[in-house]
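Asker: Go by the hints and put chain H onto chain Y.
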Amino acid sequence: GAGVSQSPSNKVTEKGKDVELRCDPISGHTALYWYRQSLGQGLEFLIYFQGNSAPDKSGLPSDRFSAERTGGSVSTLTIQRTQQEDSAVYLCASSLAWGGRATDTQYFGPGTRLTVL
Amino acid sequence: AQKITQTQPGMFVQEKEAVTLDCTYDTSDQSYGLFWYKQPSSGEMIFLIYQGSYDEQNATEGRYSLNFQKARKSANLVISASQLGDSAMYFCAMTGGSYIPTFGRGTSLIVHP
Numbered sequence: 061g062a063g064v065s066q067s068p069s070n071k072v073t074e075k076g077k078d079v080e081l082r083c084d085p086i087s088g089h090t091a092l093y094w095y096r097q098s099l100g101q102g103l104e105f106l107i108y109f110q111g112n113s114a115p116d117k118s119g120l121p122s123d124r125f126s127a128e129r130t131g132g133s134v135s136t137l138t139i140q141r142t143q144q145e146d147s148a149v150y151l152c153a154s155s156l157a158w159g160g161r162a163t164d165t166q167y168f169g170p171g172t173r174l175t176v177l
Numbered sequence: 023a024q025k026i027t028q029t030q031p032g033m034f035v036q037e038k039e040a041v042t043l044d045c046t047y048d049t050s051d052q053s054y055g056l057f058w059y060k061q062p063s064s065g066e067m068i069f070l071i072y073q074g075s076y077d078e079q080n081a082t083e084g085r086y087s088l089n090f091q092k093a094r095k096s097a098n099l100v101i102s103a104s105q106l107g108d109s110a111m112y113f114c115a116m117t118g119g120s121y122i123p124t125f126g127r128g129t130s131l132i133v134h135p
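Residue numbers (the working numbering), protein chains in the order written: chain Y, 61 to 177; chain H, 23 to 135.
Since the hints were made in silico from the structure, they are not lab data. Do not take every clue at face value.
To be verified - Pairwise CB distance ranges (calculated): (1) Y:G131 <-> H:G119: 25 to 31 Å; (2) H:S130 <-> Y:L156: 26 to 32 Å; (3) H:T29 <-> Y:S118: 24 to 30 Å; (4) H:Y76 <-> Y:T136: 33 to 39 Å; (5) Y:E128 <-> H:Y86: 35 to 41 Å; (6) Y:S126 <-> H:R127: 26 to 32 Å; (7) Y:G131 <-> H:Q36: 46 to 52 Å; (8) H:G84 <-> Y:Q101: 38 to 44 Å; (9) Y:S118 <-> H:T27: 18 to 24 Å; (10) H:I122 <-> Y:G88: 29 to 35 Å; (11) H:Q79 <-> Y:Q140: 47 to 53 Å.
Using N, Cα and C, we set each Cβ at its ideal position, and we do this for glycine too.
Next up, chain Y with everything else stripped away, as it sits in the complex (with noise of 0.2 Å):
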């Protein structure tokens, strides 16, 4: 089946304009997780959904940042007037559930590559 997609793979931008990051999961998932990573860095957890809940945004670095998942699928990262610093490969992750189990296995998409000038 069809695995975690994203788009687009590479963006190039001007500081200061707002870009849209969109991720759609696998089929079922009900969890989804966005990650920022920076060069050479680890995973930086940034956002969560599960089904209707509201999400977890404890991860955000700023008020520039915001999320949204449509129907319990698809989901947009949007960051507004962007800065060098948001310069980072950006990952969506979906997942069955979450508690300890196997259920937990992330599956991540081939990530988003931001580049802000």
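Answerer: Chain H in isolation, oriented as in the chain Y frame:
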């Protein structure tokens, strides 16, 4: 709070040899899961192996095995018969009471021919 520690920033191994990547964890949860992911230079995170805290046997998936020592809170990844394509970053992660997974900082593995 959960914590994952990967103390090896870089590892080198000869092709066809076995290699162990270290991972220690800390959690107050009784039920938790441990995961290893591979990230090649292409950037995609690939799930390798899972170990549940109540699993009595070490997990194995092909050439990958997880050496789970609960008392020592370690979950080392063992790759047998290394291949050139194994060269990548490897991340240890855990889930448990928090739905936000905790990832280690990663270990870079280079396989020499």
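Asker: Does each hint hold? Answer for all of them.
Answerer: Hint check:
{"no.": "1", "hint": "Y:G131 <-> H:G119: 25 to 31 Å", "in the structure": "29 Å, holds"}
{"no.": "2", "hint": "H:S130 <-> Y:L156: 26 to 32 Å", "in the structure": "30 Å, holds"}
{"no.": "3", "hint": "H:T29 <-> Y:S118: 24 to 30 Å", "in the structure": "27 Å, holds"}
{"no.": "4", "hint": "H:Y76 <-> Y:T136: 33 to 39 Å", "in the structure": "38 Å, holds"}
{"no.": "5", "hint": "Y:E128 <-> H:Y86: 35 to 41 Å", "in the structure": "36 Å, holds"}
{"no.": "6", "hint": "Y:S126 <-> H:R127: 26 to 32 Å", "in the structure": "27 Å, holds"}
{"no.": "7", "hint": "Y:G131 <-> H:Q36: 46 to 52 Å", "in the structure": "51 Å, holds"}
{"no.": "8", "hint": "H:G84 <-> Y:Q101: 38 to 44 Å", "in the structure": "29 Å, violated"}
{"no.": "9", "hint": "Y:S118 <-> H:T27: 18 to 24 Å", "in the structure": "22 Å, holds"}
{"no.": "10", "hint": "H:I122 <-> Y:G88: 29 to 35 Å", "in the structure": "21 Å, violated"}
{"no.": "11", "hint": "H:Q79 <-> Y:Q140: 47 to 53 Å", "in the structure": "49 Å, holds"}
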